[in-house]
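S.K.: Could you put together the complete structure from these sequences and hints?
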Amino acid sequence: MTTASVIAPAERAALTAGAGRHGKLYWALADAWVLCWRNIVQLPRMPELLVFSIIQPVMFVLLFRFVFGNAIQVPGGDYVNFLMAGIFVQTVAFGSVGTGIGLAEDLHKGIIDRFRSLPMARSAVLVGRTLSDIIRNGISVAAMLIVGLLVGFRPDNTWWAYLAAAGLLMLFSFAFSWISAVIGLSVKTVEAAQSGGFIWLFPLTFCSTAFVPLDQLPSWMQGFAEYQPVSVTVTAVRGLTMDYPVGNSAWLSLAWSIGILAVFVPFAVRRYRRAAAL
Amino acid sequence: MTTKPAVLAEGLHKSYGKTHALRGLDLTVQAGTVLGVLGPNGAGKTTAVRILATLLTPDSGHAEVAGFDVVRQANKVRAAIGLAGQYAAVDEYLTGFENIEMVGRLYHVPRAACRRRADELLARFDLVEAGGRPVKTYSGGMRRRLDLAASLVVSPPVLFLDEPTTGLDPRSRLSMWEIISELVREGTTLLLTTQYLEEADQLADRIAVIDEGLVIAEGTADELKSRVGGDHLEIVVRKGGDLAAAARALRPHLCAEPDIVPELRRVGGPVPGGAALLPEVVRALDAAGVPLEDLSVRRPSLDDVFLALTGKKTSTDDVEKEAA
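Residue numbers (this note's numbering), protein chains in the order written: chain A, 900 to 1177; chain B, 230 to 553.
If you're looking for bench data, these hints aren't it; they were derived computationally from the structure. None of these values were measured; they are calculated from a predicted model. Even glycine gets a Cβ: it sits at the ideal position worked out from N, Cα and C. Any given hint might turn out to be false.
[As the list claims (entries may be wrong)] On the chain B side, residues computed to face chain A include the following (Cβ under 7 Å): (1) Asn304; (2) Ala308; (3) His337; (4) Pro339; (5) Ser384.
[To be verified] Taking lysine-lysine and the DSSO-like style, the derived pairs with C-alpha atoms no more than 30 Å apart in a straight line are: (6) A/Lys1008 - B/Lys365; (7) A/Lys1008 - A/Lys1087; (8) A/Lys1008 - B/Lys233; (9) A/Lys923 - B/Lys305; (10) B/Lys247 - A/Lys1008.
M.R.: Here it is, written out as structure tokens:
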């Protein structure tokens, strides 16, 4: 009878033999996938998080549709068709806060120490987390889409355009997750990751074209509201799902997301190394 | 293989701002043995383990684990070690099985083999029934067992346990001790930190006492105990009035001036010869006409050792949190 806790060296060598068979990049992706899987498996077991990421955006759809819908004049007439792109972008922006909260929790509970003591890729914790958050955000967007369709949202474009809209949203969500990662790794508590993660998103999502057409915003705000990342992404998604002009918004959104990633990925990686080494 | 130590640390320094966590720490653990690193909170134990487990880089100094440099060959070190910490770093929302499987896959063990190991380890650590439940339903003792099980997926030759029983109830502590002793019997090299002298005494072959970032004494439990001066003789006399006579009778047999505690009617002191001395002591007291209530020779506890080495009690209440 073997005692299982300690195994013979030969068997041990067999267990870890695979490690040498693949290159660095393979293991970086494989490790990121293991952690992505871990975060996805957790989702249905954290009902409070699911509530956050599904009920809240659905509530926004209903509130804006029925409370403000008649008060805000939009080109094309039907507010719900104007609104949905704004709600989609707002949802993935708010959803990105979960990235920072998750990382802060992992740091706090010492699980990042365990990961760092394993022969796994250094990048996997951050990449796995941000990838799984795209999926989590995708679930929220899908839930909202269904509710939107129920209350009168009628998308009107080609499937290619829908696909492009979904792609822009995902990239935007991924980029914002990395900003949130920096916040989550910089604060001392999980609570701070939550409130600090949200606070800057309110002005960004409301001083935008998400809920109100640009020309109805105060004129001093319009310069900011026109070109900030939330607005350009909203305008692009709106144009790609409805009969609204896209202009150069899709390219601007792409540029914002890539620019954010270029700055915040290295920033988050540096924060991760420092935070975890304390 | 030569007799290269499994763990070697030389002159490790680590500071956090103005706090000097380690000030030139040296440690050696021979393969297949257990080193107990003993010290109060804030002594630098956790910092030392974090450096050896590649979680921290030292400011200066050098360390090797399983023959690899912890800074330059960190990934090779990681493939050869297991780490279980005082905060039971397991994922609350995953099941016990999933936790072990995840750690195995991050050691780059194929998925099927991870699952087989998970089953074996859950059985070994008495967690079969709990294996399918999320960890947040586990008790503290179960979490520690799972944490330890997860660190054993690839059966690493070197294991670091950072205060494995801190905060556990006595029964869970005993069961952890049993598991750890078994691992050691099976040949794992172990570095264990603890605040409990009893734990080091139970589990460790050698003990390094550290205080303020330095090893202040090292040796087997017996060697350390003899450093405080061998055995300790104590007698309790029946009548307080006999204390002076008793002290006079004992003086020739003690290595130091007798220590008298009138409130307890007790006289005592270190003796050179251990229990063999007892008959002589009894005869001397008898000759002096001193009736006894109690007489004992005891080995010094590691608490005495720590007190003698540092002038401090081990379990201080005003502990500053270890910078970790």
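S.K.: Taking the closest Cβ pair, is B/Ala308 under 7 Å from chain A?
M.R.: Check passed: Cβ of B/Ala308 comes within 4 Å of chain A, closer than 7 Å.
S.K.: With a cut-off of 7 Å, does the beta carbon of B/Ser384 approach a beta carbon of chain A closely enough for the hint to hold?
M.R.: 4 Å, holds
S.K.: Compare the distance between the alpha carbons of A/Lys1008 and B/Lys365 with 30 Å, and conclude whether the hinted pair is satisfied.
M.R.: 12 Å, holds
S.K.: Can you verify the interface hint for B/Pro339: is its Cβ closer than 7 Å to any Cβ in chain A?
M.R.: 5 Å, holds
S.K.: Verify the proposed pairing of A/Lys923 with B/Lys305, using a straight-line Cα cut of 30 Å.
M.R.: 14 Å, holds
S.K.: Quick one, are A/Lys1008 and B/Lys233 close enough, alpha carbons at most 30 Å?
M.R.: 35 Å, violated
S.K.: The hint names B/Asn304 as touching chain A; please verify it with the least Cβ-Cβ distance against 7 Å.
M.R.: Because about 5 Å separates B/Asn304 from the closest Cβ in chain A, which is inside the 7 Å limit, the hint holds.
S.K.: Min Cβ distance, B/His337 to chain A: is it shorter than 7 Å?
M.R.: 4 Å, holds
S.K.: Take the C-alpha atoms of B/Lys247 and A/Lys1008, compute the straight-line distance between them, and say whether it is at most 30 Å.
M.R.: 26 Å, holds
S.K.: A/Lys1008 and A/Lys1087: Cα distance at most 30 Å?
M.R.: 12 Å, holds
The structure does not agree with numbered hint 8 stated previously, though it agrees with all others.
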